[in-house]
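> Here's the letter readout for the chains.
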Amino acid sequence: MASLRAELKAEVDRAAEEADGHPQPDESTVMAHIYSNDLALLGEAQPPQYISGNEVTMIDAINHGLREEMERNPKIVMWGEDVADPKGGVFGVTRGLSSAFPGRVFNSPLAEASIAGVAAGMAIGGYKPIVEMQFADYLWPAALQLRDEIPTVRWRSQGEWECPVVVRIAVGGYIKGGPWHSANVESFFAHIPGWYVVYPSCAEDAKGLIKAAARSKDPVIFLEHKGLYRRVQAKTPEPDADYIVPFGKGVIRREGKDLTVVTWGSTVYMALELARQMEKDGVSVEIIDLRSIVPLDEDLIYQSVRKTSRVMIAHEDTLTAGFGAEVAARIAENCIGSLDGPVVRVAAKDTFVPSAPNLELAVLPSVAGLRLGAEKALAF
Amino acid sequence: MATSTQGLGIADNMIVPHPITLELYRKMLTVFYVEERMKAFVRQGKCGFQASTRGHEKLQVGMTMLLKPGHDWFFTYYRSKAVAVGLGMPIKDIFLGMLGREGDPNSNGRNMPEQWSSRKLRLVAPTAVTGTQYLNAVGMARAVKADGGDEVVYVSSGEGATSEGEFFEALNWASREKLPVLFTVQNNDYAISVPQTCQTGSEVHRIAQGFGMPALRMDGTWFEHLYEALPPVIEAMRHGAGPHWWRRWLCGSIPTPRRMTTASIVAKPSCRRSPVAIRSSKPNGTCCGMVSSLMKKWLRCARNSRPR
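Line by line, the protein sequences are chains V and D.
Per the working numbering: the first sequence = residues -14 to 365.
Per the working numbering: the second sequence = residues 38 to 345.
Derived from the structure by calculation, the hints contain no laboratory data.
Note that this is a predicted model, so its numbers are computed, not measured.
For glycine and all other residues, C-beta sits at the position ideal for the given N, C-alpha and C.
Don't take every hint at face value.
Stretch by stretch, here's where chain D covers chain V in the computed footprint (C-beta under 8 Å, at least three residues) [said to hold, decoys possible]:
no.: 1; region: -11 to -5
no.: 2; region: 105 to 118
no.: 3; region: 132 to 142
no.: 4; region: 180 to 189
Lysine-lysine pairs mimicking DSSO-like chemistry, simulated, CA-CA at most 30 Å apart [claimed, not checked]:
no.: 5; chain 1: D; residue 1: Lys83; chain 2: D; residue 2: Lys105
no.: 6; chain 1: D; residue 1: Lys129; chain 2: D; residue 2: Lys76
no.: 7; chain 1: D; residue 1: Lys215; chain 2: V; residue 2: Lys60
no.: 8; chain 1: V; residue 1: Lys242; chain 2: V; residue 2: Lys265
no.: 9; chain 1: V; residue 1: Lys60; chain 2: D; residue 2: Lys129
no.: 10; chain 1: V; residue 1: Lys(-6); chain 2: D; residue 2: Lys83
no.: 11; chain 1: D; residue 1: Lys129; chain 2: V; residue 2: Lys(-6)
Over 10 Å on every C-beta distance to chain V, these chain D residues come out as not near it, computed from the model [what the hints assert, rightly or not]:
no.: 12; residue: Gly82
no.: 13; residue: Leu103
no.: 14; residue: Arg138
no.: 15; residue: Gly140
no.: 16; residue: Gly146
no.: 17; residue: Asn148
no.: 18; residue: Gln152
no.: 19; residue: Ala162
no.: 20; residue: Gly185
no.: 21; residue: Ser200
no.: 22; residue: Asn209
no.: 23; residue: Ser239
Work out the full structure, taking the sequences as your base and the hints as a guide.
The structure is reproduced here in structure tokens:
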């Protein structure tokens, strides 16, 4: 026994000395392994091939995208509250999927930490969970999983483990949902390294982005605006099963030369209405729909701002520390020599979304509010 | 396994075969020397965080010997060095992880010390966020079941983390799908500084039973108990595996009675000797002992929580 002890102690001491002889970690690698090295979903956007001229809603586009990806990849599994048939989700986004793919789509317990945490474990185990948070307002019980666990898995293990969970989150107001069914959360997730964060505003982008998310080796936050689900203006012809919208690629919704509006989600349609109104006044407005919050399409923004010299950022989330603040800061830092006016932001007032319809509209952005912002940007 | 104890002067009617005892002792002793060496590194300022596994060695090494390293999955917490050693992580890698040096295969200085990761050992990189690992283990068990595998998913924490909602949620989900999760709660009676009586009015094994799970409550400082009780349970979990259903699973609520692992225990004479001596304290089994110790703890808890 004495010799065993001496032998083990010597072995341990030897290992300790060898380890202590190693230098500190190489600082040049500090930004490695936040995301995978897979660049397939970060390329240039290609134009869609439509399967017909018939327009579909955003709900149908997401549903069809999910169905196609489940057929393509047997490792995709889905759960969330009420997502199984016959209900197929409180908004019907997953309708038909649990019947088409028995055992792969099912109702979870009413517990958001469970929804995210079990997805993380199954993803580490080689599966591809695409889970639903019924309302963004309710995702906070999952905060530890969504901040400390899922996006750090690759980073904390130097890429030895990966956790490619997709979290679909219903966001946004204008549906008279009051304070507990109207939240926007893109700025929270933009602040956490490791996530791709996408926020489509129309059917074809929604299909292209949900398919990109379903193929991603990295975790993705997929934000679905409830007010756009069935909105007529958000309908488009349906792209085919191969259509992918790459991460980090915005799109110019309308070309113009006097003012750039950078926006995403529901305010895209307010910006389009503003552009129509201002055209009558002889002002030409260019509208950028970011589509991806992370990564941010900085090139597209800077090119436009350098062309128009004036910029307004419009989003539905509250103003203070909203993602518009990040966009404004980057424009100020990179385009200062091109700017002829202040970088203006239009956003929700810094409060919660009230329940009474008139109060809701008083808090959330409006076309009139965007117009005031545009005039401010153009006044200089 | 054959027990060749002749010539060693050891009785043949022992519960644990001698080679297994020797292997257990060897690994426990290795952990002991690692912890001792780490104390020097901490004093030298070369490591900022050490969560000693003193008092937990037998349970943790023992579990790796009762499960199948490289086959079963391990979701650990921040006090799990003996699991890593038990699974066979090279000792140098343990020190590289503790010191956060170049070449550390666990995370190369990114994760905190005491967070062990190896794909080969199926030891999943943990965080120091206690409680979250339970839901991740449930997810891994879903993957095992969906693949039709017979792996068991070991997940563990101290008793303090069982107050986290995610522990309850994991019991709930694992229970509803009969998943092969081996919940292992290492009760050293203190969550950093707060006694168990401040965590819950119930007891962990009773909480697990409330979710309809078989729950074992054992003295983790006696390997004989684990050696007799756990293999049939683990085998049942494996045999319930398959493409369809798991029949059975369990929660092992395994206290290491009245055993602290930080400075206070180091002062106890029984722990100054080799780890083999760490079976000296009395299992908290008798009614009188329980009442009296609960009473003392309750009074201390009440005193501490009184506004000043």
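> If a hint holds in the structure, say so; if it does not, say that too.
Evaluation of the provided hints:
1. With a cut-off of 8 Å between beta carbons, the region -11 to -5 of chain V has 4 residues touching chain D; three or more are needed, and the interface restraint holds.
2. Coverage of the region 105 to 118 of chain V by chain D holds in this model, with 9 residues showing a Cβ closer than 8 Å to a Cβ of that chain against a need of three.
3. Counting residues of the region 132 to 142 of chain V whose CB lies closer than 8 Å to any CB of chain D gives 7, which reaches the minimum of 3, so the coverage claim holds.
4. Only residues whose C-beta sits within less than 8 Å of a C-beta in chain D count toward coverage, and the region 180 to 189 of chain V has 0 of them, not enough to reach three; the restraint is violated.
5. The straight-line distance between the Cα atoms of D/Lys83 and D/Lys105 is roughly 34 Å, outside the 30 Å bound, and the hint therefore fails.
6. Proximity of D/Lys129 to D/Lys76 is assessed by CA-CA distance (about 16 Å); at most 30 Å being required, the pair is judged to hold.
7. Restraint check for D/Lys215 and V/Lys60: the C-alpha separation of about 21 Å stays at or below 30 Å, so the hint holds.
8. Straight-line distance between C-alpha atoms of V/Lys242 and V/Lys265 comes to about 15 Å, which keeps the hinted pair within the 30 Å bound.
9. At most 30 Å may separate the alpha-carbon atoms for a hinted pair to count; V/Lys60 and D/Lys129 exceed this at roughly 37 Å.
10. Proximity of V/Lys(-6) to D/Lys83 is assessed by CA-CA distance (about 20 Å); at most 30 Å being required, the pair is judged to hold.
11. Proposed proximity of D/Lys129 and V/Lys(-6) is supported: the alpha carbons are some 13 Å apart, at most 30 Å.
12. Chain V leaves D/Gly82 outside its interface by the beta-carbon criterion, the shortest separation being 12 Å against a cut-off of 10 Å.
13. Distance check for D/Leu103 against chain V: the nearest CB is about 22 Å away, which clears 10 Å, and the non-interface claim stands.
14. A Cβ of chain V approaches the Cβ of D/Arg138 within 10 Å, the least distance being about 4 Å, so the stated non-interface status is violated.
15. With a minimum CB-CB distance of about 5 Å to chain V, D/Gly140 fails to clear the 10 Å threshold, and the non-interface call is violated.
16. Non-interface call for D/Gly146 relative to chain V: violated, since the shortest CB-CB distance, roughly 4 Å, does not exceed 10 Å.
17. At roughly 5 Å from the closest C-beta of chain V, the C-beta of D/Asn148 falls inside 10 Å, breaking its exclusion from the interface.
18. Against chain V, the non-interface label of D/Gln152 is violated: not every CB pair exceeds 10 Å, the least being about 7 Å.
19. Interface exclusion of D/Ala162 from chain V breaks down, the closest Cβ pair being 4 Å apart, not more than 10 Å.
20. Its beta-carbon lying about 12 Å from the closest one in chain V, D/Gly185 satisfies the requirement of being farther than 10 Å from that chain.
21. The Cβ of D/Ser200 lies farther than 10 Å from every Cβ of chain V, with a closest approach of about 14 Å, so its non-interface assignment holds.
22. Not every C-beta of chain V lies more than 10 Å from that of D/Asn209, the closest at about 6 Å, which undercuts listing it as non-interface.
23. Non-interface status of D/Ser239 relative to chain V is upheld: no Cβ of that chain comes within 10 Å, the nearest being about 20 Å off.
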